[in-house]
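Asker: Those protein sequence lines, which keep their order, are chains A and B. To convert, note that position 28 of the first sequence is 28 in our numbering; the numbers rise steadily by one, no gaps. To convert, note that position 144 of the second sequence is 144 in our numbering; the numbers rise steadily by one, no gaps.
Keep in mind that the hints were calculated from the coordinates and are not lab data. From the three backbone atoms N, C-alpha and C, an ideal C-beta is built for every residue, glycine too.
Stretch by stretch, here's where chain B covers chain A in the computed footprint (C-beta under 8 Å, at least three residues):
| # | segment |
| --- | --- |
| 1 | 90 to 103 |
| 2 | 432 to 443 |
| 3 | 454 to 462 |
Counterexamples of contact, computed for chain A against chain B with all Cβ distances above 10 Å:
| # | residue |
| --- | --- |
| 4 | Gln-71 |
| 5 | Leu-163 |
| 6 | Val-334 |
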Amino acid sequence: MTLPSIASLLRPSQYFTVRGGVHPETRKNLSSESAIEDMPIPSLLRIPLQQHIGAEAEPMVKRDDHVLKGQLIGKARGPVSANIHAPTSGRVIAVGHFAAPHPSALPVPTITIRPDGEDTWGPRLPRLRPENATPEEIAAQVAEAGIVGMGGATFPAAVKLNLRARYDLHTLVINGAECEPYLTCDDRLMRERAEDIYDGIGIMARALGVRQIVVAIESNKPQAIAAMQQFDRALGIPSRVQVVPTQYPMGSEKHLVKTITGRETPARALTADLGVVVHNAGTAHAVHLAVRYGEPLISRVVTVSGRGVKRPANVRVLIGTPVAEVLEHCGGLVEDPDRLLLGGPMMGQPIQNRRVPVVKGTSGILALTAAETPDRDTMPCIRCGRCAQGCPVGLTPFELNARIQSGDLEGAVKIGLLDCLTCGCCSFACPSNIPLVQTIHYAKGKLAEEEGRRHQQEEAKRLAAARKAREEAAAEAKRQMMAKRKAEMAAKKKREAEAAARAASAETPPDQAPTSQPQTAQAESTRDGGATQ
Amino acid sequence: MIEAAASMSALGLGLGLLLGVAARRFHVETPPIIDEIDGILPGTNCGACGYPGCRGLAEAMAEGTAPVTACTPGGRDVALQLAEIVDPGGDGDAALSDMADEEPHVAFIFEDHCTGCMKCFKRCPTDAIIGANKQIHTVIVDACIGCDACVEVCPTEAIVIRAKPRTLKSWYWEKPQPKFGAGAEEYPA
Ligand code: SF4
Ligand code: SF4
Numbered sequence: 001m002t003l004p005s006i007a008s009l010l011r012p013s014q015y016f017t018v019r020g021g022v023h024p025e026t027r028k029n030l031s032s033e034s035a036i037e038d039m040p041i042p043s044l045l046r047i048p049l050q051q052h053i054g055a056e057a058e059p060m061v062k063r064d065d066h067v068l069k070g071q072l073i074g075k076a077r078g079p080v081s082a083n084i085h086a087p088t089s090g091r092v093i094a095v096g097h098f099a100a101p102h103p104s105a106l107p108v109p110t111i112t113i114r115p116d117g118e119d120t121w122g123p124r125l126p127r128l129r130p131e132n133a134t135p136e137e138i139a140a141q142v143a144e145a146g147i148v149g150m151g152g153a154t155f156p157a158a159v160k161l162n163l164r165a166r167y168d169l170h171t172l173v174i175n176g177a178e179c180e181p182y183l184t185c186d187d188r189l190m191r192e193r194a195e196d197i198y199d200g201i202g203i204m205a206r207a208l209g210v211r212q213i214v215v216a217i218e219s220n221k222p223q224a225i226a227a228m229q230q231f232d233r234a235l236g237i238p239s240r241v242q243v244v245p246t247q248y249p250m251g252s253e254k255h256l257v258k259t260i261t262g263r264e265t266p267a268r269a270l271t272a273d274l275g276v277v278v279h280n281a282g283t284a285h286a287v288h289l290a291v292r293y294g295e296p297l298i299s300r301v302v303t304v305s306g307r308g309v310k311r312p313a314n315v316r317v318l319i320g321t322p323v324a325e326v327l328e329h330c331g332g333l334v335e336d337p338d339r340l341l342l343g344g345p346m347m348g349q350p351i352q353n354r355r356v357p358v359v360k361g362t363s364g365i366l367a368l369t370a371a372e373t374p375d376r377d378t379m380p381c382i383r384c385g386r387c388a389q390g391c392p393v394g395l396t397p398f399e400l401n402a403r404i405q406s407g408d409l410e411g412a413v414k415i416g417l418l419d420c421l422t423c424g425c426c427s428f429a430c431p432s433n434i435p436l437v438q439t440i441h442y443a444k445g446k447l448a449e450e451e452g453r454r455h456q457q458e459e460a461k462r463l464a465a466a467r468k469a470r471e472e473a474a475a476e477a478k479r480q481m482m483a484k485r486k487a488e489m490a491a492k493k494k495r496e497a498e499a500a501a502r503a504a505s506a507e508t509p510p511d512q513a514p515t516s517q518p519q520t521a522q523a524e525s526t527r528d529g530g531a532t533q
Numbered sequence: 001m002i003e004a005a006a007s008m009s010a011l012g013l014g015l016g017l018l019l020g021v022a023a024r025r026f027h028v029e030t031p032p033i034i035d036e037i038d039g040i041l042p043g044t045n046c047g048a049c050g051y052p053g054c055r056g057l058a059e060a061m062a063e064g065t066a067p068v069t070a071c072t073p074g075g076r077d078v079a080l081q082l083a084e085i086v087d088p089g090g091d092g093d094a095a096l097s098d099m100a101d102e103e104p105h106v107a108f109i110f111e112d113h114c115t116g117c118m119k120c121f122k123r124c125p126t127d128a129i130i131g132a133n134k135q136i137h138t139v140i141v142d143a144c145i146g147c148d149a150c151v152e153v154c155p156t157e158a159i160v161i162r163a164k165p166r167t168l169k170s171w172y173w174e175k176p177q178p179k180f181g182a183g184a185e186e187y188p189a
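With the rest of the complex left out, here is chain B (with noise of 0.2 Å):
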């Protein structure tokens, strides 16, 4: 028995001194520039960008794999600010002109199919989802980021997301856009 113990925590001791110096030794800087990637994108981990949680994609984009527009949450304003770091002097402008300002959207549970199992509210993670144990669960709208980490974990599929609900506060005109000589053809030139 002793011995047993003894020999396991010999092992151990020896394994980890092993991965210690290991870790030591083999070290690799990281680029400075995925810790700087990483600090702009959200942190959430919500994993909408396909990649293992925001370092995943910082790694990917600092390598060139993944676009700047790859984190749908952050909107136009982190790939923006991204393009800045990724590709300075570069022409950022181009690659998110077909990001064109997407409307923000957000979680919405249908409550007659909710059945209070709290997967979603374990997964949310802006611990957005209010919600216990049977009971209907619901979303805090400006907490949500509508990354669809819910939606995958919903039994019953009562979650969609959808455009987040306008107020009047966050309401305001369209951008006129004149359209010049409406008449033009009655003024003589």
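In isolation and in its complexed conformation, chain A is listed as follows (with noise of 0.2 Å):
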């Protein structure tokens, strides 16, 4: 036992922590022991266009070409968005929709690679000296290797690097609390590669200008920041590595920056409205392998866990490998899970189709058992309010949950609806086992749904509008043609008549009477003569 030092007795985090939260068993011990282990190059390898938050990339490559490791098989459209590289070289055999790894299992633009085994790299983006670098170079060579938020969230990390331009940044927060349960692959990137993240951290500090690094870290990793604290001091900007508690859901953004500097980011607002940024410990290791090396970002450290993976483990898997390789690689199942999870047990996302691929925002593939799932009898609400003390945005999940199933989603909405994190405590804490974020994922859903209705509406009444506007424009068009044309023949006759009049009066005096004259005379003749006769 030590006792605590006076600096450490002034860190906020002794006093702030999150509101709410709960305290899941972390089972992290499956697979926090195992070292990350490179998985082999797979059959096929089905990597989606979309792995990212923003704009689906475009493909750059046909059927039947060859690529290399590393090239650019799928580029950003539009701000924000993400290059896709080829993760290792073969054929590509389709260019076409593949089951996305999401519950809905709806396809998704994919681009399918044979890989020939050769892993035979291409040519790479070239090196950079983060030291001489400037912030723009950095952050445009970060966009160049399609690095994504690695947390899970893939937000294009390129831009929130470029965050500099419109706020006043003073702290780069390193998010290593990975607190959902299960989930060890950044503990394990952390206690192996601290080097390598810290210099990937010590890159992006630059590239945005910070003025100190905080490197959160949860109590229950002693070993993770016993290695990265090795480094803190590496880096020309003031550094420390902060214990944070243990506690879910200690990695939200804005509740980690609450807890590392007491200040809550306003509903809505951005962590970097109050001058920090956090990135994941992941990403930083992303960042270090793109700029000292640059390699895009092909693969991803991948925990594969639950008592239902016969030898679970941390994995390198390269982007776009399928689950089912990927847990095979693990020894196979040992029994069919009860739910087949993508990312941890409180946010992932449950998925049936096991040729899914992995993705740049995978961290995790769990195959749960039974006796590890909750029970899901169904009982009423009991207004214990475990709920709402669980809620770390401090919402009351029962009210929610009530309002949206008699329909009311407006009212939902007025007590915050849209301030929820999905985060799963509720559910988690309730004692009934009301299925309550399931309920508010699908209201979310279908408030969305809509507000897009809502717009398509309005496009309609637009487009209604302008058909209608180009109708009457060409009928007023023809209109006018049709005035022009008739007026032109007016004219034209007009003038033909007056042409003839002319003639007419010019050629008459001479010769009117003779012509007329005789006529008459003759027609009288003829009558006379008809009389007569």
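Now that you have both chains on their own, put them together as the hints suggest.
Answerer: Shown next, in the form of structure tokens:
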């Protein structure tokens, strides 16, 4: 036992912890002691063109192209998007659609590559010496490498590195909390690659122009803390490793910032408004590889765990590897799992199709047995308030649930539906097993749909109005055309008539009488003749 | 010739004047509610309601001969807004209960049947169909309101209306319907 130092007594994190929150069994020991292993190249890679928040990437290859490792196969489209690179060399066998690693398993645009097994690198990105590079150059390199937030949010990292232009940033927080149970990929990465991660952190700090760095690690990862502390003086910028309490959802960006700085990010604002930027430890490692070695983001560490897996492990897999092959690499399944999840057990999403690929944001593959998943017998709400106590945002989930169940989405929005993180604390805490967060998921989706429909109706109105205006303009133009033609015709006729008249008047004086008179005379004579006859 | 033109113009002018005077004299105020209803309706004049255009439906609705749910492309949202102005204080929800959120529908063109006749292209009220003469036409899903206008004119029946395909962006979880006491008997009262 050591006595706490004065400095640690003054750290705000001692006094500010997350409001609410829960303490699920972490079950990290299943995989925390297995070192990161490289998975051999799989037989097939399926790389979705959208693995990030923002616009879908644009495919740069076609069927039967031969690609090299690290070659750009999907180009970022628009300001918020990310490049996608070939994880190994091989032949493109399809540019089409395949089931997404998502509970809906809807088809999404996907490039399928059959690896040739050679793993030949194509030209890498030009290396950068971060010491001499400008912040813009670093951000551009990170964008080129297609790096996205590796904690699961998958927000393009370069966009976040460019925040310097709009906000006065002073602190870079590295999120090594890894508060989801089971997951150990960041823990292992920090233990094994602390120096690389610190290098990546330094590069990001340079790009952001911050004045201090805080690496936040939950107290249940002592080895990672020790490993990271070895390097926290290696940079020119004051930096420290900060131990944060083990509590779910400590890894939520806003909650982590609250814990470290004691300041709360307002609803619907960014932590950048407080001058703080949060990046994941895994992202720092990817930045290190991209800047120092010119390697794009083509693989990631995934925790394969749960009691349904024979050999829980932390595996570095290529992006696009089918989940089934990763499971096989870990000895396969012990029994048919009750749930197969991508991500952690609190916020991860169940999948049905095991052939879906691992993507940039896949932090874990969990095969949970029935013994590990909660009881699903739902009972009526007993108004115990545990969900409200557990909610880290301070909402009243039982009330949200009641309003949503009765169809009153607007009412739910009024009491903060949109502020919900869908962290799942409420469902976890509820003794009646009421599917609170599941109901909230539904409500958020429904709300987004209604919003979309409203938008579409407005668009339809606009389109119809535009069409009407166009048709009217066309009709008007036609009418004018007709009028003009008519006028022209009339003018022409008039001119002709005038010309004829003029010609007639010019010629008539001499021969008008002789021409007309004989006619009448003739007519008269015939009539006379007729009458007389 | 000149007399003919002059007499026709005089006739036209005279009748026009007569019409103008009549319009002034026998002017009927349209009830403002019709304008209000017309403002809420999509304004695409697609004819899906069976009335001559959105205005026709607005008039019928103001008279009370058309239900607020008549505009199918508008869907529940429009119906709800209409219910509020047509029957304020009335039980709009009751009338709408049978209109339980229809899934959005859009037109789809079977490409092997499309002859590129441009008929649908000309009919679409929101310009959601693109194509050119003797080229296969296609529907821009995001602009289509699923009104049926193109289906009616297609000479080869190459167009169908089907549920709007779901994407990752529009997909969401179903509403959980907890069944209380799945094992309720086991709990003593
Ligand atoms: S899921 Fe939403 S309502 Fe439930 S605890 Fe988390 S933030 Fe609160
Ligand atoms: S925790 Fe469950 S039972 Fe308790 S108040 Fe919340 S919803 Fe009701």
